[in-house]
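Chain by chain, the residues run as shown.
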Amino acid sequence: MKQKISYCLADIAARFGGRLLGDADVVVQQIATLDSAGKHHISFLSNSKYRSQLAATGAGAVILGEADADATTLPRIVCDNPYAYFAKVSALLNPLPQAVPGIHPSAVIGEGAQVDPSAHIGAHVAIGSGAMIGAGCVIMEGCSVGDRTVIGSNARFYPRVVVYHDCVIGNNLIAHSGVVIGADGFGMAMEDGRWLKIPQIGRVVIGDDVEIGANTTIDRGALDDTVIEEGVKLDNQIQIAHNVRIGAHTAIAGCAGIAGSTSIGRYCRIGGSAGILGHLQIVDHVEIASFTLIGKSIREAGSYAGIFPFARSEEWRKTAAHLRHLDELAHKVKALKHEIEALKGKTE
Amino acid sequence: MKQKISYCLADIAARFGGRLLGDADVVVQQIATLDSAGKHHISFLSNSKYRSQLAATGAGAVILGEADADATTLPRIVCDNPYAYFAKVSALLNPLPQAVPGIHPSAVIGEGAQVDPSAHIGAHVAIGSGAMIGAGCVIMEGCSVGDRTVIGSNARFYPRVVVYHDCVIGNNLIAHSGVVIGADGFGMAMEDGRWLKIPQIGRVVIGDDVEIGANTTIDRGALDDTVIEEGVKLDNQIQIAHNVRIGAHTAIAGCAGIAGSTSIGRYCRIGGSAGILGHLQIVDHVEIASFTLIGKSIREAGSYAGIFPFARSEEWRKTAAHLRHLDELAHKVKALKHEIEALKGKTE
Amino acid sequence: MKQKISYCLADIAARFGGRLLGDADVVVQQIATLDSAGKHHISFLSNSKYRSQLAATGAGAVILGEADADATTLPRIVCDNPYAYFAKVSALLNPLPQAVPGIHPSAVIGEGAQVDPSAHIGAHVAIGSGAMIGAGCVIMEGCSVGDRTVIGSNARFYPRVVVYHDCVIGNNLIAHSGVVIGADGFGMAMEDGRWLKIPQIGRVVIGDDVEIGANTTIDRGALDDTVIEEGVKLDNQIQIAHNVRIGAHTAIAGCAGIAGSTSIGRYCRIGGSAGILGHLQIVDHVEIASFTLIGKSIREAGSYAGIFPFARSEEWRKTAAHLRHLDELAHKVKALKHEIEALKGKTE
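As given, the protein sequences belong to chains A, B and C, one line each in that order.
Note that our numbering has the first sequence beginning at 1, numbered continuously upward.
Note that our numbering has the second sequence beginning at 1, numbered continuously upward.
Note that our numbering has the third sequence beginning at 1, numbered continuously upward.
Treat the hints loosely; a few may be bogus.
When chains are identical, the list treats them as one kind, so a pair holds in a single copy or across two.
Unchecked claim - Mimicking DMTMM-like on lysine to aspartate or glutamate, the simulated pairs with C-alpha atoms at most 20 Å apart in a straight line are:
| id | residue 1 | residue 2 |
| --- | --- | --- |
| 1 | LYS296 | ASP284 |
| 2 | LYS296 | GLU230 |
| 3 | LYS197 | GLU300 |
| 4 | LYS296 | GLU341 |
| 5 | LYS197 | GLU230 |
| 6 | LYS39 | GLU314 |
| 7 | LYS197 | ASP80 |
| 8 | LYS334 | GLU315 |
| 9 | LYS337 | ASP327 |
| 10 | LYS318 | GLU328 |
Note that these hints are calculated values from the structure, not bench results.
None of these values were measured; they are calculated from a predicted model.
This is chain A alone, in the form it adopts within the complex (with noise of 0.2 Å):
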């Protein structure tokens, strides 16, 4: 069984600000959707679009801003920005679990190799020559560091994780199951019909604080390296081809693929599925449509899409079918344009 953790109102004001309102001794246990709350629950209201479901709440507490602060009589934290009080007050209703320091008995651990003591290392796990764990990280079962990789603290890798020799990962990474950091980029020559490869010597460097989801992909650089920046949030299934640099704080979600030594900006959002051609240059703070294909270098900041629209099938039919006749179309209307003038001509 996992612990029950209890902090009264007070408490969650004290700890992270906000204007409390109502019974500051109310206890809660855990967080939950203004739905599906109970009495030991606090919820939140981040959205005044949704302020009809505070009236049916059962949650003991709730969490809102300025706009939405008398839209109940539950004891209640106003604060500012009601999303991310959320997130800390979730942070700390549900710890992470104490990992146990040290290395289990079945972990294989190379000659040379650096593992600080508050580090643990599950079963199953191999660490390569020459790497380093930094202090506090927590290595799953079944997770693979390749030789001469350094990672900083406070790590946390999931299980099945595989990071290829020689990368540098900086402090607070989470690593999903499955993430490959450092396979070789698809790097090749043609010669006699035949592909040569071109050896990937590059690395994966990545920044403080980031997180990869489950089977992400991050390939090390061809020559140069392969750079993801300190708070970068990675989603799922993503592919980062060699010598890509990602943006600080940039936020990427599932399955998009971005194409080699493509640099995106800081404080990008590109939406899931989308993808990014190679050797571009994309600005900060450019937004990016899901299932989008990226083929310019984007030079101004703001939001781009380029989707087919759906439709039923037999619709969708019908526009394909005129889609390949644009160019056709296209010209009836000229053609139709020199008509009218000639008409013009004649009647005026």
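Following the hints, put chains B and C in place on chain A, whose structure we already have.
Just chains B and C now, with coordinates in the frame of chain A:
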């Protein structure tokens, strides 16, 4: 060597029904396509349009529908659903290898975990504390099951499957290698230029008779659960985000992505690399074409698509250029309309 | 520390040919881009349009083509295919680490498996019964090879690769972490509202000199085999469905998906996130753009594309709206045509 299994046609018809025509004593050992079958093979015709292949087949026996009952003189079983019949005969001729009950000495079993004595736990497996593994489960080498996760009976986990903590899985799950169930959903809040992680405290709950393809990922819920109902079939490399619900008997092809909090109905069929945005509702019996992004809820059963038709690159470039100026073209047509109206006035 | 390797330019030219100009005794230890090279580096110019970078490079020597032979006075090797030459020099300067032959004590080897004495079997590897591992293979930690699977010589499996049972793999395969070869294809038959699984009894057969990127999946055939011919190069996170055949020397970029029973020719190049529907035939020497769905067989070599052009979101929304009414627009144009014909009649 795998052992050969043989059945005579009479045995098969006795077991699965259908109308037996021709030599009931013909013995078959394996199932094969009409093209590649030999005399110890049974083959099948599930679509009359391939009827011409019947003449040339070397098969010893054939499964077919009533419409094709007389299209061959080979020993045959005539039935309503030859494709389903084929599935059953193939399962009969190709039983899964018997797993030896017991726990491999290299496996690591957490405190308080309960492994049914009939279950097979392979080499280098890690079972978390308090986890439960049901009767007849086969958990192959290198799998990881998190703390307190409960797995029903007869699950089959191929090598290197990961299930995180606190998930609930029904009976008969087939999970292929690289599957990750229960990793954190992609949830975070922006505050002062930094992302705060939102703990993902929901679970993944999976019904009976589900199959999940290689390297598919299913994230745990943020607060409530992610739910995969009974009989759902997921192909490889699919991404299911947090708090998604997938209705019973829905089948999803490879590389599709379903964004957070979306709910998909029962008996839907979703094509490869399709995407569904977050917070949408898709009713039962919806078919979505490959490569289609669904950006709005679908309230009516039926077939939907949105795919850019491919062409020779030079033609596509022309179409794309016109597409970029579609607004202009529409305005031109409007202007022509006005000019024609004016001309009409003059000629009347 | 990795050991430094040095060659003088004369050694390199003696080994790989080309015309040596300038100081033949200059010693190089590593390869680098023109931008980042120092005096112990050899660099290369494979595209004359970057010729201006030659002036500023700090490289000790350069590889370039005949057209650029006189564009620098640095010691240099002039050759026909500088990019392929670079690949060979890089391989010379960056040999793969020598694997120590032998089987790690934590590996589990099945009954009757044959592992060549020169092969390296890493920690926590599982080799199935009756499997064969050829000379010089390097099977790194945590890999799993299924029963009766045969792997040729000099394969290199990075950590956590899985090959299911009964597959056949040629020589020199490079498989990156997370690759899954031989999982069940997505085959099922609907009967009475439930899916019946169709056993996948074909194999995966892979030719010589194939490379497979991280987390790519290749399903086994349903009845016949899935075939990857020699020299095929697959990037990361690609999905190859059952009974696909990929012709020799074809290269496929990341996140592409090939549906079941499709056959792709030799020397094709398929872009990232492209898709090819099932049961199609693609001839040799076809190039498919990224993000393109191929929905019909391609009978002629050449370059094909189908991508929605991206734009500012507000412009895209306009285009998408017009696209939804393309049928209407086409009808309007037709109607205008008729009106003009009528007007012409009146003015004649």
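Hint-by-hint comparison with the structure:
1. LYS296 / ASP284: within (15 Å within a copy, 29 Å between copies)
2. LYS296 / GLU230: The answer is neither: 25 Å in one copy and 34 Å across copies each exceed 20 Å.
3. LYS197 / GLU300: Cα proximity of LYS197 and GLU300: none, with 37 Å in one copy and 29 Å across.
4. LYS296 / GLU341: neither (39 Å within a copy, 42 Å between copies)
5. LYS197 / GLU230: Classified as between: cross-chain Cα gap 14 Å, same-chain 31 Å, threshold 20 Å.
6. LYS39 / GLU314: neither (51 Å within a copy, 45 Å between copies)
7. LYS197 / ASP80: between (54 Å within a copy, 18 Å between copies)
8. LYS334 / GLU315: Between copies, since 19 Å is at most 20 Å while 26 Å is not.
9. LYS337 / ASP327: Intra 16 Å, inter 17 Å, cutoff 20 Å: intra and inter.
10. LYS318 / GLU328: both (15 Å within a copy, 11 Å between copies)
Against the hints set out earlier in the document, violations occur for numbers 2, 3, 4 and 6.
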